[in-house]
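Protein chains: 2
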Amino acid sequence: MNKNVGQSVNRIDAQEKVTGKALFNADLKFPNLLHGKVLHSSIAHGKIKRLEVEKALKIPGVEAVVTGQELDYLGGEALKDMPFFAKDRVRYYGEPVAAVAAVDYETAVKAVDAIEVEYEELPAVYDLDEALKEDAPVLHPDLENYEHIKACQPKAGTNICNEFITEHGDVEKGFAEADYVYEDEFTTPACHHAPIEPFSAIAKIDEEGLIKVWTTNSSAHRLRKDLCDALRVSQNRLQIMVNYIGGSFGGKGGLKVEPLAIALAQKTKGKPVRIVYTREEVFTATLTRHATKIKIKTGVTRDGYLTAKSIELYYDTGAYSEKGPTVLIQGCEAAGGPYRIPNLHIKGNCVYTNKTIAGAYRGYGVIQPTWAFESQMDLLAERLGIDPLEMRLKNALEEGDPNCLGNPVYGVGLKECLEKVAREINWDQPAITDHPSIKRAKGIASTWEPTKTPSGSGVFIVLNFDGSVNISTSSSEVGQGSRTVLAQIAADALEVPLKLIDISFPDTHVTPFDASTTASRTTFHMGNAIIKAANDIVKEIREIAAEMLEVAPEDIILDNATAYAKSNPTQVLSYKEIIQAVYGAGGCILGKAFYYPAAKGAGIYGAPSVFWMFGAHAVDLEIDTETGQVKVNKVAAAHNVGKAINPLNVIQQIEGGVVQGMSNCLFEEIIRDDKGRVVNPNFHDYKIATAADIPEITPMIVEQADPKGPYGAKGVGEPAINPIGVAISNAVATATGVRLSHMLLKPEDLLSKLKEKL
Amino acid sequence: MNKNVGQSVNRIDAQEKVTGKALFNADLKFPNLLHGKVLHSSIAHGKIKRLEVEKALKIPGVEAVVTGQELDYLGGEALKDMPFFAKDRVRYYGEPVAAVAAVDYETAVKAVDAIEVEYEELPAVYDLDEALKEDAPVLHPDLENYEHIKACQPKAGTNICNEFITEHGDVEKGFAEADYVYEDEFTTPACHHAPIEPFSAIAKIDEEGLIKVWTTNSSAHRLRKDLCDALRVSQNRLQIMVNYIGGSFGGKGGLKVEPLAIALAQKTKGKPVRIVYTREEVFTATLTRHATKIKIKTGVTRDGYLTAKSIELYYDTGAYSEKGPTVLIQGCEAAGGPYRIPNLHIKGNCVYTNKTIAGAYRGYGVIQPTWAFESQMDLLAERLGIDPLEMRLKNALEEGDPNCLGNPVYGVGLKECLEKVAREINWDQPAITDHPSIKRAKGIASTWEPTKTPSGSGVFIVLNFDGSVNISTSSSEVGQGSRTVLAQIAADALEVPLKLIDISFPDTHVTPFDASTTASRTTFHMGNAIIKAANDIVKEIREIAAEMLEVAPEDIILDNATAYAKSNPTQVLSYKEIIQAVYGAGGCILGKAFYYPAAKGAGIYGAPSVFWMFGAHAVDLEIDTETGQVKVNKVAAAHNVGKAINPLNVIQQIEGGVVQGMSNCLFEEIIRDDKGRVVNPNFHDYKIATAADIPEITPMIVEQADPKGPYGAKGVGEPAINPIGVAISNAVATATGVRLSHMLLKPEDLLSKLKEKL
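Protein chains in written order, with the numbering used here: chain Y, 1365 to 2122; chain C, 1365 to 2122.
If we strip away everything but chain Y, and leave its shape as in the complex, we get (with noise of 0.2 angstroms):
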């Protein structure tokens, strides 16, 4: 009866945030707690010539040393070439080479300090460009040894460690149908997730061997399985907890602190040891976005139709693959953008650096794309003398219509979204200002986002005794909101009141699998399981109640932790009196489901994405053209999220997408020295936007619904960050006639490019 979905109900956990009193990893206590500290790279490429520990090893207080020469593990999702710690060479600067663990944080300090490291420096590369040429020092000479899933071309002898090429149509053919072709080349720079809560694990080998970790990894099962087939031990002797995650933004899900706490607590005869990162080492040893090239050569009909895209995507993975792979065919698969186009070509590689590893980052490589083909899609409607907004009317995608790789996509609503970003910020209307050296225009830029897919979620509930319920999930809450709109969702497909309902938080010995929190993929993926186990339970509920109401189980109407008959509303039956009546000694009603969007024998992104999300956003905007100071005065942006289960928790995810969005393309930016060190590795040096940087934003939620989610209900989490830093360079260009190709609006750039101009 939808009580709770489509509610803006509060959180579940907001009263325990705002107090403080939510528990996150790095609060957790344990007994004969050790402090683990690790020594990164000082360098960005060398071979390790000496690593002597001895002296750390006899400092009062150290209970283990480890290094990457006494380990020979391997981890990576798609492709398996990541060492825990730095085995004979390292390959970034701020790699793991070796770690301590002490009794004590000032001890574990010390120890690092006293350990010696001598490398060999060998010639490093930090741009796409260089590394893709011929004679570019290689990264990986063992690029063909290393084992990797089938999604995942690595190119042997090169730094390519996938190539991923698709086709739809003929791509010849749409640009000779073209009235026009034209090519144009864009980049993005490297960015980071920046969340508040730093990276932390402890580990735990217990007296049985079972290896028991606590961490801030966002994807339980996936850290398990990825640390099982590195250790090589079976997945029911490894176990992962996790609590409130401080922030992710796709960051918290790979293999960081986690190996290196293990490998510690493998020595210290059953201690704990927790690593917690400090905000450099979060900077230089954990993650950043993939800086990108992308050349996209369009066909168009004089009338502003497209006919053919070939696009060349490059991905700059830094020095191990990570996500990498994968994040580098979500983003082909994007590249497109979403719109009509009949032929298609895209190559794409993803291609190792000298530098941080680049992973997944909310949007998983497409707001790469997305800055490429919007921007690019203002230059036609600019060639071409027809309305930016008219352009992407024209070609915009609709219901059931065949995407550029051919497939097609429902719950689209992409024209309701365009218009409705348009109408809120008066697209019409002239863009006014009477100060003479402030321009100001309006810009838009949609988007489109596919999901991991396939990808399982798997849920147990309990509907206890008196009525109340207990959920097993593994999904985690990364601040997006996942517990209370799981919460909602299941309160319906249950009709019990929501403050009945309990969510679990991810243990991978009690709560089943789940592909990952990542990918906008929970509500859609685990909302639909819960759905699917709530009808274990509804079914057995109305074959009770309607044993007990001599009626079919059809004419049975749930509300409210009741049942009663159609045909006699007065008669009503609690939950709890119906569990009673089968279970009187006690009891409870189970569910379980696993669910599972794909073919048969598809691997990861073995098929189409299940859904796609659609999106826009509009701004309106100042630029200063005697500073190149960019002002937003106001943002529009609309999603189509199928169905907000939360309203308000959508509208939440819209800003902060802006938000972020707006502060990688206007501030944003990792900085190294020619050596490969990251010189802004702090929230002093690395800027963000800041509450006074944040304009005025109008979220709009659009809600066509997707056939196959739950009550019509897809993602929001990723699209909200991709279209709108090429929104505001669109408005950029509009207002000054001057457009950057990089994906970064630095005054001092947008200046000197006015400057080239007059």
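Source of the hints: derived by calculation from the structure; they are not laboratory data. Some hints could be false.
The list treats identical chains as one, so a pair stands whether inside a single copy or across any two.
Taking lysine-lysine and the DSS-like style, the derived pairs with C-alpha atoms no more than 27 angstroms apart in a straight line are [unchecked claim]:
1. Lys-2110 with Lys-1995
2. Lys-1393 with Lys-1576
3. Lys-1863 with Lys-1576
4. Lys-1863 with Lys-1633
5. Lys-1381 with Lys-1631
6. Lys-1576 with Lys-1385
7. Lys-1631 with Lys-1385
8. Lys-1631 with Lys-1393
9. Lys-1413 with Lys-1451
10. Lys-1576 with Lys-1635
11. Lys-1393 with Lys-1381
12. Lys-1633 with Lys-1393
13. Lys-1444 with Lys-1940
14. Lys-1940 with Lys-1896
15. Lys-1381 with Lys-1635
16. Lys-1393 with Lys-1635
17. Lys-1576 with Lys-1381
On the provided structure of chain Y, position chain C as indicated by the hints.
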């Protein structure tokens, strides 16, 4: 293929435990932990005239004080009569009156000492007969207002908290058909469970009001229900977590320290409060076994066949009902004995006295009637001149016979047990001793034991992507080996190696409902649940494998986490390959089951026992007629366990039961002064058998399968304690002609009887 079932595999927790690494509740560490300490009543019965806590509250470091005056909760499984803390009246020496939480234990002790309490003493009653008198002090004047379950029938205005009456056949007709009718009376003393681990609980109320409890309680879900009922919170808002338990013997299943810790934690603004009882508190303020008085009137033919029994039972339940009402029911149901008795009448009373609460104790009320009916069986044999073994064999129940309640029994094997122990003890041979003052003889006794019925067990199983298994169960490991046995059942049901199975600890938020870890029910109930849940998984595995191998699912053989077709054993698929074939991107196969062996609507103890356990013990002993000292030379103990899932474990259960039962009968006595105060609340003064007292024991396993049991198995934990004491008494009577009707063979009592006889 029964690779594990039937094998004496080592306990999966063996190494952890022998190395001292296994975590017990009091080992858990918490930040900001407060230490709770309880003030107990120093008198047996009285009104609380004055209770001043202000001095305690003023002591620096004291963070909370709680008394019964501010609480309005009543707990109890069958009858809600017990406040968390005495409210206006104390009813036994040791009853909780108040408690404090302080920053350290010493401060808590000091604060408890500073609480001022003044009582107005009331007449107290310590004896069953006294308590039943018309003018006896009534402990619970409010008895008629207490909530209770249907199976519990309190009698307002008396000290009877449950009266249970049942009959089968026509007992008067049965007596008329008898050649002789004999009436005998027996008594049994209270005794203590004596677990090595004391009771403890940690309670913490989180910011959202979720009540978390870590406890030594053996029955997490029952505790959750009882606490939620008392506190009036829904079951999803209270979480019980249990680790290893250091011995329970039935004692750790009620509301003991948990409600006290919660009451304190409700005042500490989120800080956890731990209460660990001292040995003295465990003795005085937790639980004892019921003292009983049992009158049996039996009709018998001259050739030794039983025609009728009329039995009156009185169970002394102490100051609150706790589990007394259902202990009484189970005792009554077993009181006829494991014999063909066509006509039966039972009347049982559960009676309040001003003593420590009596409740569940290994055997759940059955060791007492076993003492009575097996003492009488030897008396009957003697009176009729029939050999005691023959007397039992004549009357013993056989497969499918109706028992004395009229319900057919299966998986009996009693005659085999009797014959086995008789053979082992050389029953036919005289017991010879050449010492003039020492008498030697053999004794025999049998027993049976029902299990609480109906009762439910739920389980979730995850078959992981790599073929390993995680099982979520609320069964507690109290030392009985359930983790190992359940893992063996799961391994065979799923056809995976034992080492790939992980069994959870109870956590009511994620491990589904299980009625209790009591009543020898775990192997049977949870075993059946595991097999049922495993079938979900096996079915799916078979279907996938059948499709892959292009055969019918019935043609698939599962073995060692692989599947192959009968017709082609060379093409073998691992479970991993099978799961991967369907869920290539990652996944699992889920199973769930709730096993509840009873017709709909049956409440607690509302259905005939789903299985009965049968066993017999025989002893060869000597008694020194100059000292009254009994020395057991040898014990043969045979039990029909249906199927020994782990024979070593069964043997250990039998040995443990024999030692505990022998200790009960020879040594154990709770001594009170004339004010009702326990004077031996410690292991110096309360004597239990030590290693030096343990005779040669030959445990023997009989395997007459229970048709409903998992692999035919049922329980053994409880019946193993029942017959040893009376077998000893029977041997003493044979040796000396002296028989005590009271189940405590104190040398001084035997000696005075021996002297009487001379």
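Verification of the supplied hints:
For the homomeric pair Lys-2110 and Lys-1995, the shortest alpha-carbon distance inside one copy (12 angstroms) is at most 27 angstroms, but the shortest distance between copies (95 angstroms) is not. For the identical chains of this complex, Lys-1393 and Lys-1576 are neighbours both inside a copy (14 angstroms) and across copies (16 angstroms), given an alpha-carbon limit of 27 angstroms. Taking identical chains as interchangeable, the C-alpha atoms of Lys-1863 and Lys-1576 lie at most 27 angstroms apart only when they sit on different chains, with a minimum of 17 angstroms there against 31 angstroms within one chain. With identical chains, the CA atoms of Lys-1863 and Lys-1633 are at most 27 angstroms apart between copies only, with a shortest distance of 22 angstroms across copies and 43 angstroms within one.
Taking the shortest Cα distances, Lys-1381 and Lys-1631 sit within 27 angstroms of each other only across copies (21 angstroms), while inside one copy they are farther apart (36 angstroms). For the identical chains of this complex, Lys-1576 and Lys-1385 are neighbours both inside a copy (24 angstroms) and across copies (15 angstroms), given an alpha-carbon limit of 27 angstroms. In the homo-oligomer, the alpha carbons of Lys-1631 and Lys-1385 lie at most 27 angstroms apart only across protomers (16 angstroms), although the nearest pairing inside one protomer, at 33 angstroms, exceeds that limit. For the identical chains of this complex, Lys-1631 and Lys-1393 are neighbours both inside a copy (20 angstroms) and across copies (22 angstroms), given an alpha-carbon limit of 27 angstroms.
Within a single copy, Lys-1413 and Lys-1451 get their C-alpha atoms as close as 11 angstroms, which meets the 27 angstroms cut-off; across copies the closest is 75 angstroms, which misses it. Taking the shortest Cα distances, Lys-1576 and Lys-1635 sit within 27 angstroms of each other both inside one copy (11 angstroms) and across copies (25 angstroms). For the identical chains of this complex, Lys-1393 and Lys-1381 are neighbours both inside a copy (19 angstroms) and across copies (24 angstroms), given an alpha-carbon limit of 27 angstroms. For the homomeric pair Lys-1633 and Lys-1393, the shortest alpha-carbon distances inside one copy (18 angstroms) and between copies (18 angstroms) are both at most 27 angstroms.
For the identical chains of this complex, Lys-1444 and Lys-1940 are inter-copy neighbours only, at 19 angstroms across copies versus 51 angstroms inside a copy, given an alpha-carbon limit of 27 angstroms. Taking identical chains as interchangeable, the C-alpha atoms of Lys-1940 and Lys-1896 lie at most 27 angstroms apart whether they share a chain (22 angstroms) or sit on different chains (24 angstroms). For a Cα distance limit of 27 angstroms, the shortest separation of Lys-1381 from Lys-1635 across copies, 17 angstroms, qualifies, whereas the shortest one inside one copy, 30 angstroms, does not. Taking identical chains as interchangeable, the C-alpha atoms of Lys-1393 and Lys-1635 lie at most 27 angstroms apart whether they share a chain (13 angstroms) or sit on different chains (13 angstroms).
In this assembly of identical chains, the alpha carbons of Lys-1576 and Lys-1381 lie at most 27 angstroms apart whether taken from the same copy (26 angstroms) or from different copies (18 angstroms).
The earlier numbered hints are all upheld by this structure, with none contradicted.
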